[in-house]
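*Asks:* Keeping their order, the protein sequence lines are chains H and U. If you read the first sequence in this note's numbering, its first letter stands for residue 227, the second for the next number, and so on. If you read the second sequence in this note's numbering, its first letter stands for residue 11, the second for the next number, and so on.
Calculated directly from the structure, the hints in this document are not laboratory data. Even for Gly, the Cβ is constructed at its ideal location relative to N, Cα and C. Fair warning: there could be bad hints in the mix.
[Stated by the list, open to error] Computed list of chain H residues with no C-beta within reach of chain U, every gap over 10 Å:
#	residue
1	Asn229
2	Arg250
3	Gln251
4	His267
5	Asp282
6	Ala288
7	Gly311
8	Pro313
9	Pro324
10	Val326
11	Leu342
12	Arg343
13	Glu344
14	Leu352
15	Ser353
[What the hints assert, rightly or not] Capping the alpha-carbon separation at 20 Å, the derived lysine to aspartate or glutamate pairs in DMTMM-like fashion look like this:
#	chain 1	residue 1	chain 2	residue 2
16	U	Lys128	H	Glu308
17	U	Lys101	H	Glu308
18	U	Lys67	U	Glu55
19	U	Lys51	U	Asp25
20	U	Lys118	U	Glu102
21	U	Lys51	H	Glu275
22	U	Lys101	H	Asp247
23	U	Lys101	U	Glu121
24	H	Lys283	H	Asp247
25	U	Lys118	U	Asp108
26	U	Lys118	H	Glu308
27	U	Lys67	U	Asp108
28	U	Lys118	U	Asp145
29	U	Lys171	U	Asp161
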Amino acid sequence: MSNVGIVIVSHSPLVAEGTADMVRQMVGDEVPLAWCGGNGHGGLGTNVEAIMGAIDKAWSEAGVAILVDLGGAETNSEMAVEMIGEPRSQKIIVCNAPIVEGAVMAATEASGGASLREVVATAHELSPS
Amino acid sequence: MAALNLARLITAAADVIAAHAEELTALDQAIGDGDHGLNMKRGFEAVRAEAEAFSAKPLPEALKVIGTKLVMTVGGASGPLFGTLFLTLGKEISAEPDRANLTTAFGKAIEAVAARGKSQVGQKTMLDVLQPVHDALLHGKTAPEIADTADAAAAATVPMKALRGRASFLGDRSIGHMDPGARSTALLVRIVAQTIGESA
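Just chain H, same shape as in the assembly (with noise of 0.2 Å):
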């Protein structure tokens, strides 16, 4: 698909279906969407392993837009994203917006065929700094 894709990496499970829910709902199967919450062992948190294996579902060769809830998942997200490594990091964005409304603005405006770019843009307009 030449859409952007989009990825939603929460502390809890049940936060990042309920966003992946909401923006299928807006945009259908338009929009490479791939979720991961939870630290792997069923509490609460993110991992490096689970953030990878969603970036690969959801990739696009217009690139991926990560939309996350607290610190660790950014910093994790961060960290796949590096060890993913060139070529395809430089394709890959970590958004700085809140997650649902984040998600669903980013992955309507991607749907459009925006670019990476633009999709990021629109995801960062609902940050206020």
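Assemble the complex: chain H is given as a structure, and chain U must be docked to it using the hints.
*Replies:* Frame of chain H; chain U shown alone:
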């Protein structure tokens, strides 16, 4: 510096993290999400399980595989932070480092951790232990002095207000508690200093 017994160091580090896991979790329950002890224990047990294979590698490679293992197993924000510390150390250190090379490599590793966490010294994080330890290395301190420096630096995070990480959500209420990452860092510094001190 004599050859480092890396297998022994890994075992000692995993032992000290396991012995202090509950303490680290209690510190994290006070100002964070309460998973630091368990996360660190899981990561260092995973490294312990591969101690033999890892320590058979040249030091730079060994540090890189330790870093990668920690990234993949610790979770939380600590996984990428401690992982980045070891990955960068591995990238910068020579196979048989002298003190100057170790100091330079450690300085680069601290910069990488600061970048990964978008943090700096004075924000009640592991950096508040790493930086004084680097300074002690730079100024020719002995291994026991460096270990004491790390403990004092961890204790000095108690009156700080957290400006990064989950603890920063608490604002002033983070004051009066030791930063769990600073504590685990100090525990590891003491073990490394002891092990290097014995082999020096």
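*Asks:* For each hint, tell me whether it holds in the structure or not.
*Replies:* Here is what the structure says about each hint:
For Asn229 of chain H, the non-interface assignment is confirmed: its Cβ lies about 29 Å from the closest Cβ of chain U, beyond the 10 Å cut-off. Under the 10 Å C-beta cut-off, the non-interface status given to Arg250 of chain H relative to chain U holds; the minimum distance is some 27 Å. Even its closest Cβ contact with chain U, about 30 Å, leaves Gln251 of chain H beyond 10 Å, as expected for a residue assigned away from the interface. The claim that His267 of chain H is not at the interface with chain U is violated, since a C-beta of that chain comes within 10 Å of its own (minimum 7 Å).
For Asp282 of chain H, the shortest C-beta to C-beta distance to chain U comes to about 15 Å, beyond the 10 Å cut-off, and the non-interface label holds. The claim that Ala288 of chain H is not at the interface with chain U holds, since no C-beta of that chain comes within 10 Å of its own (minimum 26 Å). Consistency note on Gly311 of chain H: stated as away from chain U, and its beta-carbon is indeed over 10 Å from all of that chain's, at 12 Å minimum. Annotated as non-interface, Pro313 of chain H keeps its C-beta farther than 10 Å from every C-beta of chain U; the closest such distance is 20 Å.
Consistency note on Pro324 of chain H: stated as away from chain U, and its beta-carbon is indeed over 10 Å from all of that chain's, at 15 Å minimum. Consistency note on Val326 of chain H: stated as away from chain U, and its beta-carbon is indeed over 10 Å from all of that chain's, at 19 Å minimum. At roughly 22 Å, the least C-beta separation between Leu342 of chain H and chain U is larger than 10 Å, which holds for a residue marked as non-interface. With a least beta-carbon separation of about 22 Å from chain U, Arg343 of chain H lies farther than 10 Å from that chain, consistent with its non-interface assignment.
No beta-carbon of chain U is positioned within 10 Å of the beta-carbon of Glu344 of chain H; the least distance is around 25 Å. For Leu352 of chain H, the requirement that its beta carbon stay farther than 10 Å from each beta carbon of chain U is met, with the minimum near 20 Å. With a closest Cβ-Cβ approach of about 15 Å to chain U, Ser353 of chain H is found to remain outside the 10 Å limit, as its non-interface label requires. Between Lys128 of chain U and Glu308 of chain H, the direct Cα distance comes to roughly 15 Å. Compliance with the 20 Å bound is thereby established for this hinted pair.
Taking the CA atoms of Lys101 of chain U and Glu308 of chain H, the gap is near 15 Å; set against the 20 Å cutoff, the hint holds. For the given pair, Lys67 of chain U sits about 19 Å from Glu55 of chain U by alpha-carbon distance, which is consistent with the 20 Å threshold. Between Lys51 of chain U and Asp25 of chain U the CA atoms are separated by roughly 9 Å; this keeps the pair inside 20 Å, and the hint holds. A threshold of 20 Å between alpha carbons decides the hint, and for Lys118 of chain U with Glu102 of chain U the separation of about 7 Å falls inside it, so the pair holds.
A distance of roughly 18 Å separates the Cα atoms of Lys51 of chain U and Glu275 of chain H; the hinted pair therefore holds under the 20 Å criterion. With a C-alpha separation of about 42 Å, the suggested pair Lys101 of chain U and Asp247 of chain H falls outside the 20 Å cut-off, and the hint is violated. A hinted pair counts as satisfied when its Cα atoms are at most 20 Å apart, and Lys101 of chain U with Glu121 of chain U qualifies at roughly 13 Å. Taking the CA atoms of Lys283 of chain H and Asp247 of chain H, the gap is about 16 Å. The hint holds against a cut of 20 Å.
Taking the CA atoms of Lys118 of chain U and Asp108 of chain U, the gap is about 16 Å. The hint holds against a cut of 20 Å. Proposed proximity of Lys118 of chain U and Glu308 of chain H is supported: the alpha carbons are some 17 Å apart, at most 20 Å. For the hint linking Lys67 of chain U to Asp108 of chain U, the alpha-carbon distance of about 18 Å falls within 20 Å, and the restraint holds. Proximity of Lys118 of chain U to Asp145 of chain U is assessed by CA-CA distance (about 13 Å); at most 20 Å being required, the pair is judged to hold.
A C-alpha spacing of about 18 Å is found between Lys171 of chain U and Asp161 of chain U, which places the hinted pair at or below 20 Å, so the restraint holds.
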